[in-house]
Amino acid sequence: MSWLDIGAIDDIPLRGARVVKTALGCVAVFRTDDNEVFATSDRCPHKGGPLSEGIVHGRKVTCPLHNWVFSLESGEAQGADEGQIATFAAKVEQGRILLDGAALQARTAA
Amino acid sequence: MSKKHLVIIGAGMASGRALEHLLDANKDAYDVTLFNAEPRGNYNRIMLSPVLSGEKTYEEIVTHDADWYDANGVTCRFGESVVSIDREKKIVTGENGDVAYDKLLIASGSAPFIIPVPGKDLDGVIAYRDLEDTNTMITASAKPGAKAVVIGGGLLGLEAAAGLKARGMDVTVLHLMGHLMERQLDEAAGYLLRRALEDKGIEIKCQASTSAILGEDKVEAVLLDDKTVIPADLVVMAVGIRPETRLANDAGLSVERGITVNDQMVTSDPDILAVGECVEHRGALFGLVAPLYDQAKVVANTLLGEAAEFAPKEVATKLKVTGCDLFSAGDFAEGEGREDIVFRDPARGVYKRLVLEGNTLVGAVMYGDTADGNWFFGLIKDKTDISEMRETLIFGPAYQGGASVDPMAAVAALPLDAEICGCNGVCKGQIVDAIQAGATDLGAVRATTKASASCGTCTGLVEQVLASTLGDDFVMPAAEAVCGCTDLSHEDVRRLIKSKELKSQAAVWQELGWNTPNGCHVCRPAINYYLLADWPLEYQDDPQSRFVNERRHANIQKDGTYSVVPRMFGGMTTPDELRAIADAADKYNVPTVHVTGGQRIDLLGVRGEDLPAIWRDLNAAGMVSGHAYSKGLRTVKTCVGKDHCRFGTQDSSGLGVKLEKHLWGAWTPHKLKLGVSGCPRNCAEATCKDIGVVCVDSGYEISVAGAAGMDVKQTELLCKVTTEEEAMEVISAFTQLYRENGKYLDRIYKWVAKVGLDWCIAQVVDDLENRKALAERFEISQSVYRDDPWAKLATPEEAPKFAPMANLNLEAAE
Ligand code: SRM
Ligand SMILES: Cc1cc2nc3c(=O)[nH]c(=O)nc-3n(C[C@H](O)[C@H](O)[C@H](O)COP(=O)(O)OP(=O)(O)OC[C@H]3O[C@@H](n4cnc5c(N)ncnc54)[C@H](O)[C@@H]3O)c2cc1C
Ligand code: SF4
Ligand code: FES
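If you read the protein sequences in the order shown, they are chains A and B. Under our numbering, the first sequence has 110 at position 110, and the numbering climbs by one with no breaks. Under our numbering, the second sequence has 127 at position 127, and the numbering climbs by one with no breaks.
Calculated directly from the structure, the hints in this document are not laboratory data. Here a beta-carbon is modelled for each residue, glycine too, at the ideal position from N, C-alpha and C. It is possible that some hints are incorrect.
Listed next, the stretches of chain B that the computed footprint assigns to chain A, with coverage defined by at least 3 CB atoms under 8 Å from CB atoms of chain A [as the list claims (entries may be wrong)]:
#1 174-184
#2 551-561
#3 595-604
#4 802-808
In silico DSS-like cross-links for lysine-lysine, where the CA-CA straight-line distance does not exceed 30 Å [what the hints assert, rightly or not]:
#5 Lys671(B) with Lys642(B)
#6 Lys120(B) with Lys147(B)
#7 Lys205(B) with Lys91(A)
#8 Lys381(B) with Lys91(A)
#9 Lys661(B) with Lys500(B)
#10 Lys671(B) with Lys47(A)
#11 Lys671(B) with Lys743(B)
#12 Lys318(B) with Lys91(A)
#13 Lys313(B) with Lys47(A)
#14 Lys56(B) with Lys383(B)
#15 Lys500(B) with Lys200(B)
#16 Lys801(B) with Lys21(A)
#17 Lys91(A) with Lys313(B)
#18 Lys3(B) with Lys120(B)
#19 Lys558(B) with Lys21(A)
#20 Lys772(B) with Lys750(B)
#21 Lys642(B) with Lys21(A)
#22 Lys147(B) with Lys103(B)
#23 Lys91(A) with Lys801(B)
#24 Lys91(A) with Lys500(B)
#25 Lys587(B) with Lys313(B)
Based on the provided sequences and hints, a complete structural model is requested.
Written as structure tokens, this is what we have:
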């Protein structure tokens, strides 16, 4: 993996998210109440809602458009809804957020 | 044969233990030279906190004294730092000269991290690492009335704060994160800890970011990002540690964040070993002594040529502050496939949380009663299968092996002639018969058998009979709980927030026994509203607990763009405002401009990133947010009234403007819309609003609880008043009554249907004193919230947060 520094953890509000633009489309980077970070596709598989604008609770996010709930870890829709969002490796080191650059820049050439 | 020479850099806790193992196993293997930058030998660093608080003296925490080094033939060079290592010549250089080595052991520990703010080098700014720091704190606390600020609400910071407080200083702890010790504790335990420390008189500020330390030649105060200034005679920085790797770096050893070692604790140079907080092992760093002691054993074995491997284990944390019992171990973050068992006893201030993954325990956090901590820690370390004791696990070892009491099983085992309902003499057999005849819910059983229809205390039993008879077909009815995170209803929660004076989300989660760490998208917005409505001055609104529209202060559209609606008070506008709106629409390529049903103009299709800029433009033209997205005041619709209309009786648009200027910014349980019509012809449709005013010759008819959305309903008369001032006061008071009592997401008409219009009339019309008090409380809240959110978010600090935090496409192209 090649880790890419995308910013400081404090750039994201606690229980919030920000977006990173990538070759694969917008990626939402979440910060949970426990100060963990997760990166997933920003696009809800239901009708394309921007997940980075959802409410973050525990390790889950609720889509702002029609309240589908996704696990930030597995990307799976919770409860009765069926759907999956892509997840990307992310970690925090000394207050900086690192994303797996290899996965995200994979298709930059195209 | 002459003995080999071992040189050790650092006489800390790790090297002290390694020396013991080495000398115990073979006294004759090495001649040892021990360097230490501190002017002393090994002592128990973790006991500095009891020394600080006065519970112990330095002498009591020394682990190796002069006699010990003497007896073991260790050459001590204390108070002397090693300045370099020459790997070719195998020599280390100390401040007072060189020593040759056959084997070198680096045990230099870590260095406290100092946040790089202006003033960090002032006299009176210290870290908390060694005896010197401890003595500085003790000396500072001797001055009467002295004030200390501790930066960092982790283990070290809190121990420093408690020690300084015990010595009589005024202490404030500044913590960057949302709750204390966030790496070891979840929010609930963090809250209890905070409360206990506050009870000791320590002031705690979370989410406090230090921007500078102020002072001429010594520290005088700390300045926060939010411009708060906190006076200080002493500042203790306890924000973290960094492995001390300078020597290793200079010597060209492999160093990542710490000095890299293999499982044998050998660095990239086979003759140099490292141990303690200075090392990095398989990507992990260390900050607690338990794993260092394991490393010390391995290092001693390696030095003696014996096989040994260091394998990191789980660690447990305890805070050494008298009266704050807490314990945390393992991984307690929520997660996929993980389940929580939570136990809360608010009255005793006890909180325990176990985190399970499958059949094993992976984490434990407890506060207040930590007696079972080590038992749980053992289960975590050994990965014990806990499926057998799962039901009673949280009660600890004392409860294991005893007979468990399952209420369902007990009811199922009752004979058919057992009496269930005492009031009506109904036995189990009758209920079972009724169920089998088709009475499959509580209501039906009540109707057919009368069981639980009187005093109701047997309701639970009846439900259990239903459950045991119907099996999976029966769904136990919950009292309409807020959501899955709690069994409490909205009404209970509102009542408890007031009666128990709960003023933070953490307090609600803890005191009311929430079963999730921080709620969900259903309860969190409701709790956020209740807290801000009940404690306008104490509670700080939390944008992250709001639906996107209220966080972005615009309406999200199906394509992810936003709509922007500037306020037009009372539906009045000016050519200048209209021009500014037109200019903004042009400038930001707004695809759709719509005149809304609320007498103002909606700009639809604005890109999220453009929001701060378009607001800035609209602000510049004197406009503010229309809150077209809020559970709060929306619009006050008016007709033109007596200034123009031949039928108008009063200045309806004037009153509408006044009302909107008075009410705007207020948050309410659901949206709030008003209308003011100048005569009973009612052109402003006032009689289908939440609150409507119809002007008549003799004054103003105020009516409430109308609806014109999913339901359509005419308003009901609240009262008739003669002056505008009275109308304003009644409407303020009624709005406040709704704010204080309404259930989140009940429009006024739904709420009035529950509490009754008569009760509302008694509160705001008949009881004049109460009316005044309600109106005053509304005004107190408005002193905080009658404020334009756009202006706040369009600032240079906030605006960038609307844009992506990074653009990897650009970086790739560069
Ligand atoms: C913009 C507007 C339509 C228009 O172009 O005229 C509008 C647009 C929306 N209305 Fe409305 N309502 C608008 C006037 C009304 C009115 C008429 C009025 O205010 O006089 C009503 C009937 C009165 C009432 O409030 O009940 C109305 C009853 C609703 C309802 C049903 C509420 C109810 O309790 O029955 C909803 C759904 C809700 O709030 O849960 C709703 C929800 C919405 C939302 C916010 C849906 C959503 O959640 O995204 C729409 C946002 C569109 C957007 O993206 O901007 N809108 N909506 C009007 C804005 C008025 C304003 O200036 O603020
Ligand atoms: C106040 C306090 C409370 C703590 N409480 C706990 C607790 O409750 N539980 C727990 O598990 N842990 C606790 N810790 C952490 C624990 O003390 C450390 O993990 C442990 O001391 C690390 O041991 P070490 O030998 O790696 O480093 P240290 O004990 O720091 O020893 C390193 C030594 O090397 C010396 N040195 C560094 N560079 C040089 C050089 N170039 N030349 C010569 N000498 C040098 C330093 O002066 C220092 O004396 C606490 C720490 C502090 C400060
Ligand atoms: S009526 Fe329905 S579609 Fe039209 S704006 Fe209101 S909510 Fe949207
Ligand atoms: S678009 Fe996400 S829930 Fe509908």
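Hints, verified against the model:
1. 174-184: With 5 residues closer than 8 Å to chain A, the region 174-184 of chain B meets the three-residue bar; holds.
2. 551-561: With 6 residues in contact (Cβ-Cβ under 8 Å with chain A), the coverage given for the region 551-561 of chain B holds.
3. 595-604: Violated, because only 0 residues of the region 595-604 of chain B bring their Cβ atoms closer than 8 Å to Cβ atoms of chain A.
4. 802-808: holds (count 5)
5. Lys671(B) with Lys642(B): Within the cut-off at roughly 29 Å; holds.
6. Lys120(B) with Lys147(B): Given that 30 Å is the threshold and the Cα spacing comes to 17 Å, the pair holds.
7. Lys205(B) with Lys91(A): 27 Å, holds
8. Lys381(B) with Lys91(A): 25 Å, holds
9. Lys661(B) with Lys500(B): Violated, at roughly 34 Å.
10. Lys671(B) with Lys47(A): Cα-Cα ~26 Å, so holds.
11. Lys671(B) with Lys743(B): 12 Å, holds
12. Lys318(B) with Lys91(A): Roughly 26 Å separates the two Cα atoms, so the pair holds.
13. Lys313(B) with Lys47(A): 45 Å, violated
14. Lys56(B) with Lys383(B): 37 Å, violated
15. Lys500(B) with Lys200(B): 20 Å, holds
16. Lys801(B) with Lys21(A): 14 Å, holds
17. Lys91(A) with Lys313(B): OK: Lys91(A) and Lys313(B) at ~21 Å, within 30 Å.
18. Lys3(B) with Lys120(B): Roughly 47 Å separates the two Cα atoms, so the pair is violated.
19. Lys558(B) with Lys21(A): 20 Å, holds
20. Lys772(B) with Lys750(B): 25 Å, holds
21. Lys642(B) with Lys21(A): It is violated: about 56 Å lies between the C-alpha atoms, which goes past 30 Å.
22. Lys147(B) with Lys103(B): 48 Å, violated
23. Lys91(A) with Lys801(B): At roughly 21 Å apart (the allowed maximum being 30 Å), Lys801(B) and Lys91(A) satisfy the hint.
24. Lys91(A) with Lys500(B): Violated, because 39 Å separates the two Cα atoms, which is more than 30 Å.
25. Lys587(B) with Lys313(B): 60 Å, violated
When held up to the earlier numbered hints, the structure conflicts with 3, 9, 13, 14, 18, 21, 22, 24 and 25 and fits the remainder.
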